[in-house]
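Colleague: Given the coordinates of chain A, assemble chain B with the ligands onto it according to the supplied hints.
Single-letter residue listing:
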Amino acid sequence: MSERLFRIWRGTAAGGSFVEYRVDVDPGMVVLDVLHRIQARLANDLAIRWNCKAGKCGSCSMEINGRPRLACMTRMNQFGGAEMIAVQPMKTFPVVKDLVTDVSWNYEQNRRIPPFRPKPRPADGQYRMRQVDVDRVQEFRKCIECFLCQDVCHVLRDQSRKDAFVGPRLMIRLASLEMHPLDTEDRVPALREEFGSGLCNITRCCTEVCPEQIQITDNGIIPLKERVVDRYFDPLLGLVRKVFRRK
Amino acid sequence: MAEAARAGGHIIGFAATTRTDRWWVGPLLTVLGLGGFVVYATWAAFQGSHYYYGPYLSPFYSPLLFIDPNAPGAAPLGQAWFGTWPSWWPSFLPASPAFLILVFPGAFRATCYYYRKAYYRSFFGTPPGCAVGPLPRRRYRGETGLLIVQNLHRYALYFAIAFIFILYDDAFRAFFRDGQFGVGVGSVVLLINPTLLAGYTFGCHSWRHLVGGRLDCFSCDRSSALRHGIWKGVSILNVGHMQWAWASLFWVALSDVYVRLLSMGVLRDLSTWG
Ligand code: SF4
Ligand code: SF4
Ligand code: FES
Ligand code: FES
Chain A
5 MSERLFRIWR GTAAGGSFVE YRVDVDPGMV VLDVLHRIQA RLANDLAIRW NCKAGKCGSC
65 SMEINGRPRL ACMTRMNQFG GAEMIAVQPM KTFPVVKDLV TDVSWNYEQN RRIPPFRPKP
125 RPADGQYRMR QVDVDRVQEF RKCIECFLCQ DVCHVLRDQS RKDAFVGPRL MIRLASLEMH
185 PLDTEDRVPA LREEFGSGLC NITRCCTEVC PEQIQITDNG IIPLKERVVD RYFDPLLGLV
245 RKVFRRK
Chain B
305 MAEAARAGGH IIGFAATTRT DRWWVGPLLT VLGLGGFVVY ATWAAFQGSH YYYGPYLSPF
365 YSPLLFIDPN APGAAPLGQA WFGTWPSWWP SFLPASPAFL ILVFPGAFRA TCYYYRKAYY
425 RSFFGTPPGC AVGPLPRRRY RGETGLLIVQ NLHRYALYFA IAFIFILYDD AFRAFFRDGQ
485 FGVGVGSVVL LINPTLLAGY TFGCHSWRHL VGGRLDCFSC DRSSALRHGI WKGVSILNVG
545 HMQWAWASLF WVALSDVYVR LLSMGVLRDL STWG
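As they're listed, the protein sequences go chains A and B. Going by the working numbering, the first residue of the first sequence is number 5, and it counts up by one from there. Going by the working numbering, the first residue of the second sequence is number 305, and it counts up by one from there.
Isolated chain A (complex conformation) (with noise of 0.2 Å):
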């Protein structure tokens, strides 16, 4: 058992400060643990979301030293002996109590996202589909919604462009959408126009910080960037696209 040093930024959209608070932390525990012990012990009224502790759930995104993770798997263990640890709400989101965001924005770009459009079924009215075909749309399936690459993205977070870009979260769940085999709706010119496909310039913040390792920006943001540049600026593929009468 050993004593650490927590800043907690505690407040409202209204303002707030940092308050600091001494705690005692056991061997194995994760930041969340220690939370909900300054939450038990010295500030009772202290407002965190989290629910499965398990990375799974992602409520518990939040900013520890500066950098988006889930408190329920950031261990303790990786802070030096010394080190204050500050923890801060998520910059991106309006705050609404000390370290809880309100993250609603996120899903009402989801509602604008043209659902999936299955092709016909087949004569059996069986669909099938190939593991192969599928692979790369169950890399993004795996997103739990923290909604922390949202929160590091420079055009979101900093440059104040959330009426113009969607964010990495959206994009993966676009190209989940546009890859998959059996989609036949064409999300393509509202990704450049709507969802601003250009406005990521792939510094891979998002990528850095997913806890799931989805690679969006390699196997996501990249790709349709691509399929963007297809549509809008290649002049060649266009041309051979008409010799040959192929989508």
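Derived from the structure by calculation, the hints contain no laboratory data. In this text the structure is predicted, and so the values were computed from the model without any measurement. We treat Cβ as the ideally placed atom computed from N, Cα and C, and that holds for glycine.
Straight line, CA to CA, 25 Å or less: simulated SDA-like cross-link-like pairs of lysine to any residue:
(1) Lys166/A - Val100/A
(2) Lys101/A - Ile315/B
(3) Lys123/A - Arg531/B
(4) Lys146/A - Lys536/B
(5) Lys536/B - Glu143/A
Partial chain A-side listing against chain B, Cβ under 7 Å, derived:
(6) Asn69
(7) Ala90
(8) Asp162
(9) Gln163
(10) Pro185
(11) Leu203
(12) Arg208
(13) Cys209
(14) Glu212
(15) Phe237
Modeller: Only chain B with the ligands this time, still in chain A's reference frame:
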């Protein structure tokens, strides 16, 4: 640096962050590495001399479109695709064969998805690090404004693929001095160069898309199954794209340095030719 705090206690301003780790090491190394390379490559391209020794041709100067055979350390005239240096070449530009071709590999690397990340972070500060304040700007437009040219990357790729063949041809010639087969340190250096370049080029994101990534169904017909196989291979190279990018960048500069020093008489090449 930090200008103000807001709800949540986040400080705002260039390079402002609550991070306590050394996030700036990466961008700093990138500035040194890329900056050093650009400075050296520009200098070397301006020389117009000492780019050839024995059968070795510096990759900065390949292919040789025109040659000024009077320049010290120039290649023999027979190596030029189009003969002697044109008289109409404006005198305020250096008479260097590197000048005519470096734009192609330059454009390829400048529009590469990896290098974009690297220089957007380290040179443009958008953002300098993750969860670190970016350089303030009036209205961020990403790659929709001027930078829309990045969308032409695949065209630069087509040229880059041609360069791999040209540089392998140079490597092949580097094993024959005066028609006699042999091996020198320079031959090996010039063989590794296009090999690293191929590892870099064939791991390209645009290439990965073109060979198969653009398909939604990999098993729908015979050709899509084949393309899936190629896509999987490219994906393996693609995972290490950053490493290939740096290794090939370093090696192309090293190749030039090596040929240059031989040509200037500073170094001696170990070889079977004696
Ligand atoms: S790679 Fe694109 S989506 Fe991801 S954090 Fe950077 S700008 Fe945002
Ligand atoms: S993509 Fe990763 S970081 Fe983004 S919301 Fe999903 S799990 Fe979280
Ligand atoms: S509590 Fe569920 S992810 Fe942390
Ligand atoms: S993405 Fe790096 S070379 Fe194309």
